[in-house]
Amino acid sequence: MNTQSVVAPAATPFGAGWQKSMMWVFIVTDALLFTGFLASYGFVRLASASWPNRAEVFDLRLIALMTFVLISSSATMASAVAAAKHSDWSMVKIFLSLTLVGGLCFLGMQAYEWSNLIHEGATLHSNPWGVPLFTASFFLITGFHGSHVLTGLIVLAVTAIRSATGRSTMHGVEVAGLYWHFVDLVWVFIFTFFYLV
Amino acid sequence: MSETDSKASYKGYWITWGIMLVITAIMLLGDSLSWSKPAIVGLLLVAMLVKVALIGGEFMHLRFEKPALIWAVAGCILFFSAFLFILIAFDGLRIARMLEP
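First to last, the protein sequences are chains X and B. Okay, so the first sequence: first residue is 1 according to the numbering used here, each after it adds one. Okay, so the second sequence: first residue is 1 according to the numbering used here, each after it adds one.
Worth flagging that the hints you see were computed from the coordinates, not collected in a lab. Treat the hints with care, since some could be wrong.
Here are some chain X residues the structure puts well away from chain B; computed CB gaps all over 10 Å [unchecked claim]:
no., residue
1, ALA55
2, VAL57
3, PHE68
4, ALA83
5, SER97
6, VAL101
7, SER147
Straight-line distance between alpha carbons at most 30 Å, and here's what the computed BS3-like set of lysine-lysine pairs gives [as the list claims (entries may be wrong)]:
no., chain 1, residue 1, chain 2, residue 2
8, B, LYS37, X, LYS93
9, X, LYS20, B, LYS37
10, B, LYS66, X, LYS20
11, X, LYS85, B, LYS37
12, B, LYS11, X, LYS20
13, X, LYS20, X, LYS85
14, X, LYS93, X, LYS20
15, B, LYS11, B, LYS66
Keep in mind it's a predicted model, so treat the numbers as computed, not measured. All residues carry an ideal CB built from backbone N, CA and C; glycine is no exception.
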């Protein structure tokens, strides 16, 4: 009996490794979850007689800085993946560290933004701007995104430690990168729909 | 892999980063344009989709994957998003019309 044919993992239908394919499956399901949240937010906005003026509620300079930091961290993450493909592990460590710093800065700024809004009287069920669903959807969606950023930071920290100790692989860095870019991608939608439209 | 190849691959990501920053700046300046609201929203949506395509295609390397994976990922998300938004939009607009004075 040929045992090798029994235990050898089959090739994925997408021609990518199983790790990467499963991360893509996770990203699709998570993207559909955010789609549900954003569709609900769209419904709430359409069905509301009035909506607070975003320029009066948010500090757009802070939001622009948050966006800059997250886009930059995505670029450093992509560079970490490229370095891993070239087996340049010293550069992997540098780029992963920069990505971690970017993620931490983003999370810090989000906490600052939340604390400002809470200080002004915003809660999940009421706010000074007269539309309770405004802050309910804001805290829910940005909070859910923030929890993804936090998860991404933990994944990146583990990947960075594994890289530093020589236990990480190119595939490990690539899969961590896919997750981090997904977090950036979701922010593009939140940035547009919450802060600009 | 030579050092030149390595630098060339980093360069591509930083060019994408620069393009995304320019698009973000355009989005932030959208309000200062003397355009109608639907035109500004249209500009924002197009800019948003370009950024999404850049992240998915360049940073996530989706454009280098097999067409089966591209369709499974992008097709699934786009189809269900459009389905959900269109279904909800009709009801939302109906309620908005009811709320009109």
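Evaluated hints:
In this structure ALA55(X) is not separated from chain B by more than 10 Å, as the shortest Cβ-Cβ distance comes to only about 8 Å. At roughly 14 Å from the closest C-beta of chain B, the C-beta of VAL57(X) stays outside 10 Å, upholding its exclusion from the interface. Not every CB of chain B is more than 10 Å from the CB of PHE68(X) (nearest about 7 Å), against its label as outside the interface. For ALA83(X), the condition that its CB be more than 10 Å from all CB atoms of chain B is violated, with the nearest at approximately 7 Å.
Even its closest Cβ contact with chain B, about 16 Å, leaves SER97(X) beyond 10 Å, as expected for a residue assigned away from the interface. At roughly 16 Å from the closest C-beta of chain B, the C-beta of VAL101(X) stays outside 10 Å, upholding its exclusion from the interface. Annotated as non-interface, SER147(X) keeps its C-beta farther than 10 Å from every C-beta of chain B; the closest such distance is 20 Å. A hinted pair counts as satisfied when its Cα atoms are at most 30 Å apart, and LYS37(B) with LYS93(X) does not qualify at roughly 46 Å.
A C-alpha spacing of about 41 Å is found between LYS20(X) and LYS37(B), which places the hinted pair above 30 Å, so the restraint is violated. Taken as a hint, the LYS66(B) and LYS20(X) pair is honoured in the structure, with Cα atoms around 13 Å apart against an allowance of 30 Å. Distance restraint check for LYS85(X) and LYS37(B): the Cα-Cα separation of roughly 46 Å exceeds the 30 Å cut-off, and the hinted pair is therefore not satisfied. For the hint linking LYS11(B) to LYS20(X), the alpha-carbon distance of about 24 Å falls within 30 Å, and the restraint holds.
With a C-alpha separation of about 14 Å, the suggested pair LYS20(X) and LYS85(X) falls inside the 30 Å cut-off, and the hint holds. Pair hint LYS93(X) plus LYS20(X) holds up; C-alpha atoms about 21 Å apart against a cutoff of 30 Å. For the proposed pair LYS11(B) and LYS66(B), the alpha carbon gap of about 24 Å is at most 30 Å, so the pair holds.
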